[in-house]
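From just these sequences and the hints, can you work out the full model?
Chains as they are written, first to last, in our numbering: chain A, 2 to 325; chain B, 332 to 657.
Among the clues, some could well be false.
Straight-line distance between alpha carbons at most 30 Å, and here's what the computed DSS-like set of lysine-lysine pairs gives [to be verified]:
#1 K362/B with K181/A
#2 K39/A with K362/B
#3 K39/A with K371/B
#4 K607/B with K622/B
#5 K359/B with K181/A
#6 K408/B with K622/B
#7 K544/B with K493/B
#8 K362/B with K314/A
#9 K622/B with K336/B
On the chain A side, residues computed to face chain B include the following (Cβ under 7 Å) [stated by the list, open to error]:
#10 D30
#11 L34
#12 G126
#13 P299
#14 A301
#15 A318
Bear in mind the hints are in silico, worked out from the structure with no lab data behind them.
We put the CB at the ideal spot given by N, CA and C, even for glycine.
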Amino acid sequence: MLVTYIEAIRQAMDEELARDGNVLLMGEDVGVLGGAFKASAGLQEKHGVDRVVDMPISESLIVGAGVGLAVQGMRPILEIQFIDFISCGFDQIVNTAATLRYRHGGQTACPIVIRGPSGGGVHGGLYHSQNPEAWFCHVPGLKVVAPATAYDAKGLLKSAIRDDDPVIYFEHKFLYRRIKEEIPAEEYLVPIGKAALRKEGRDLTVITYGSPVHAVMKAARDMAAEVDIEVIDLRTLLPIDWATVKASARKTGKVLIVHEARLTGGIGGEVAARIAQDCFEDLDGPVMRLGARDVHTPFAPAMEEYVLPNQEKITEAIRKLAAY
Amino acid sequence: MTEQKDRELYRWLRLIREFEDRISALDKQGKLMGGVYSGKGQEAVTVGFCHDLRWNDWIFPLHRDLGAYLVKGADPKRLMAQIFGKRDGFAKGKDSYLHGGDLSNGIFGATSMLAATLPVAVGMAYKFKIRKEDRVAIAFFGEGASSRGDVHEAMNFAGVHKLPVIFVCENNFYAYSTPNELQFGVDDVAIRAAGYGFKGEVASGNDLHDVMKAAGKAIDRARKGDGPTLVECKTYRYHGHSEHDRAADYRSEEEVITWESRDPIFLWENYLDKRKYDIGAIRVETSAEVKRIVEEAVAFAEASPSPEGPEAMEDLYAMPIDTEAR
Ligand SMILES: Cc1ncc(C[n+]2csc(CCOP(=O)(O)OP(=O)(O)O)c2C)c(N)n1
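Okay, here's the thing in structure tokens:
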């Protein structure tokens with residue numbers, strides 16, 4: 002079937018709600034409205050008000066209550082209306098959910114999924130464009146995923162729901178209806194912790210995830226006559242699939258990391274540091290990074306364009322690295 | 332009230348309405364980007380609370396309180412430029428809608444995190460108190476936002492120190508699609524004030540007289556050092572949550588019509604009529620005036636330059652820091 006990224010998310014929730022009576026969806030306006038972006042359209046009607054629950058406006062409550070349910074064996078999916086508001090549930094995520102199993106000496110698990118629209122490129126301004134994945138990748142006990150395709154969006158969400166640990170699932174709102182993809186009619190899962198080799202190449206590796214995957218793939222096609230690019234889509238940001246990352250770095254000897262999140266303190270820094278340390282002898286150039294400029298994501302189009310990575314900046318960065 | 336003040340209040344209600352309608356129309360024409368949150372129907376709340384404030388009092392509007400900006404003294408031209416995301420807006424195009432405040436007029440811009448301004452208002456009120464300044468802070472929030480911890484935390488501290496702050500809950504019965512019965516277990520948010528040690532009151536938010544009475548009492552109390560008040564104004568938004576939301580999934584047309592029959596402007600016109608003013612003439616004169624102001628604001632905003640890309644890096648720090656030192 003041909004589905005959009007957001008339809009893939011809806012299908013994953015629908016199928017998991019049907020498969021396992023312990024799965025619930027909770028969040029602001031997820032019921033009658035079907036969510037601000039319609040990710041849960043029709044799910045309350047189908048699965049009932051007890052399992053698709055409209056919550057008061059309190060992200061802290063949504064996450065904390067999710068943990069309580071999880072300890073009772075339920076498997077809540079917790080929708081954050083815009084991922085920016087995840088900061089209002091930050092304490093419950095990093096101090097309650099992430100530590101739960103560890104501080105109880107393994108007595109319990111915390112099977113919750115926290116999901117919501119992240120990312121920019123839609124003139125959302127400061128509070129409707131954030132990419133806060135790095136805040137969470139610093140916290141052990143969490144898993145962090147960020148699908149770039151409709152296939153992965155569905156397969157990773159299903160895996161996240163079945164995972165016994167808290168998973169933060171960053172969906173990218175720019176992709177919701179912009180990409181359409183053929184996905185299998187039968188059930189499938191995409192494993193957490195495994196990167197996707199999107200394209201093989203000899204000259205240089207671009208490691209990326211989320212929305213920029215598409216621009217990087219376009220660059221790899223457009224620049225094929227110039228440089229043979231290998232593209233790795235991380236998909237899971239915590240834990241990162243180091244085996245795939247390092248194998249590719251060793252193979253091509255040149256690595257560029259591209260993400261939409263800001264550069265300073267971003268995931269790219271961690272990936273670059275590991276490659277620099279572990280693959281030093283195989284490198285033919287500096288490990289390079291391209292991310293957003295170190296500033297908030299502004300509203301007016303020209304400023305947003307200036308701040309976020311785009312096709313042109315990606316191409317330029319690839320040329321620069323290829324020249325070494 | 333004097334005739335002059337009655338008419339002035341009318342003018343504010345009409346100016347806000349004209350602004351809201353024009354912005355909705357601009358949005359439909361595709362001239363605006365980002366979320367547009369109409370406060371149409373809620374004008375009496377902001378007029379009632381902001382009209383009698385002094386220039387050095389502060390307000391903390393919520394995401395649909397465009398009217399509060401106007402009444403508190405924001406330049407309509409700059410406000411329109413703000414809505415357009417232009418350089419002459421309060422945020423210089425860095426953020427949308429009411430995310431840029433007008434600090435020179437005592438208007439604090441909100442973040443999107445609902446009710447996050449309440450602790451800020453309380454901090455400000457604490458300063459007014461310890462420096463013995465005769466000033467008040469007014470924080471507006473929705474009944475939906477009342478579920479957030481920040482609301483509780485701010486009110487608790489305000490109660491402890493009897494601060495000159497007024498909390499105004501604009502209860503329009505829906506938070507996006509979520510009706511009040513799924514938001515809280517009480518009928519009136521106002522009763523929560525008792526838990527923080529100050530007075531809570533319910534006002535009819537569409538009746539400007541009722542709002543002004545409640546506002547007057549609360550402001551007096553704050554100025555006299557008698558502490559905070561929580562005023563809940565029952566009102567209604569005619570439009571959806573944002574202009575993209577038809578609201579038909581979650582509320583009935585009958586309900587909207589019922590509330591439209593209690594329109595704040597309509598009620599105020601009835602009152603002017605009862606006082607035997609020439610309402611026909613007032614209406615015509617006011618229409619012309621508010622249309623002119625709004626048209627001028629739109630023309631100004633359209634002519635205002637869009638910010639250039641590198642301007643994104645400005646205004647981040649008070650003192651520039653060199654992040655690229657080699
Ligand atoms: C902390 C937080 N969570 C979620 C949102 C998304 N959101 C924006 S407005 C809104 C509804 C607000 O309802 P209410 O406070 O009653 O104000 P109203 O819009 O009705 O005027 C929601 C859920 C947000 N802005 N901030």
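Hint check results:
1. K362/B with K181/A: 28 Å, holds
2. K39/A with K362/B: OK: K39/A and K362/B at ~25 Å, within 30 Å.
3. K39/A with K371/B: 25 Å, holds
4. K607/B with K622/B: 25 Å, holds
5. K359/B with K181/A: 27 Å, holds
6. K408/B with K622/B: Between K408/B and K622/B the Cα gap is close to 13 Å, so the pair holds against 30 Å.
7. K544/B with K493/B: 21 Å, holds
8. K362/B with K314/A: With Cα atoms ~28 Å apart, K362/B and K314/A stay inside 30 Å; holds.
9. K622/B with K336/B: 20 Å, holds
10. D30: Constraint on D30/A satisfied, holds at 5 Å.
11. L34: With a closest approach of 4 Å, the L34/A hint holds.
12. G126: Nearest chain B Cβ about 4 Å off; hint holds.
13. P299: 4 Å, holds
14. A301: The hint holds - A301/A has a Cβ within 7 Å of chain B, the shortest such distance being about 4 Å.
15. A318: 16 Å, violated
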